[in-house]
Amino acid sequence: MIRNATKNDAKRVIELLNLAMDNIAFTLSGATDIKISNTILEEFFRSTNNRLSYENILVFEFKNEVIGAICIYESKMAKELDIAFINRLKSLGIEPNIKVECDTQNNELYIDSIAVDENHRGKGVAKQLIEASFLRAKELGINLSLLVDEAKSDVKSYYKRVGFKPCGNKEILNHKYIYMIKEIK
2 MIRNATKNDA KRVIELLNLA MDNIAFTLSG ATDIKISNTI LEEFFRSTNN RLSYENILVF
62 EFKNEVIGAI CIYESKMAKE LDIAFINRLK SLGIEPNIKV ECDTQNNELY IDSIAVDENH
122 RGKGVAKQLI EASFLRAKEL GINLSLLVDE AKSDVKSYYK RVGFKPCGNK EILNHKYIYM
182 IKEIK
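For the sequence shown, my numbering puts the final residue at 186, and the numbers step up evenly by one.
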């Protein structure tokens with residue numbers, strides 16, 4: 002079952018999204034230890050008006066366990082949603098290195114991250130989360146977009162199969178990505 006995340010999902014959702022975020026989690030939290038980073042990101046998850054807020058997360062629940070999560074938000078809000086992270090980092094004396102990943106010129110519903118528990122992969126969980134995101138994009142009348150690591154050709158192929166088309170390249174934190182869009186019809 003897909004539902005909107007609640008504050009109570011913080012620990013599990015951050016665990017899952019870490020599977021997709023890699024080092025970006027450390028960039029956002031300003032921490033170098035995974036446990037400390039998770040605690041910080043869980044606090045952001047429970048609060049509002051930031052990219053990792055429960056407000057921007059859909060979860061897939063199976064037998065009362067969250068086994069998948071997707072973080073989505075309108076790209077026009079990206080800069081505003083990063084302010085809380087930037088302010089926290091500055092208060093710690095850390096120069097923020099947070100880059101807007103999505104296209105802020107053309108408003109789209111941006112898939113920031115998606116992850117499925119390793120024990121539940123290959124069962125259509127990610128596909129259903131993407132479909133739920135696409136329905137939300139349709140309600141808003143905007144396209145759905147995401148970035149895919151250039152090195153992950155299998156992931157790029159998967160997104161093509163579910164209707165995304167490559168639309169360009171982007172580099173974030175010295176890492177190359179393919180920008181993909183699924184148009185509403």
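No lab work stands behind these hints, which were simulated from the structure alone. Accuracy of the hints is not assured; some may be wrong.
Simulated crosslink set (SDA-like; lysine to any residue; CA at most 25 angstroms straight-line) [said to hold, decoys possible]:
1. 177 with 152
2. 100 with 171
3. 153 with 141
4. 124 with 5
5. 171 with 75
6. 91 with 151
7. 186 with 136
8. 177 with 151
9. 139 with 160
FRET-style restraints, in silico, Cβ to Cβ [claimed, not checked]:
10. 152 with 119: 31 to 39 angstroms
11. 121 with 88: 18 to 26 angstroms
12. 92 with 161: 16 to 24 angstroms
13. 152 with 106: 21 to 29 angstroms
14. 137 with 169: 21 to 29 angstroms
15. 48 with 175: 26 to 34 angstroms
C-beta: ideal position from N, C-alpha, C; glycine also.
- request: Kindly indicate which numbered hints from before are broken by the structure, ordering the numbers from low to high.
  value: Result: hints 3, 6, 10, 11, 12 break, sorted rising.
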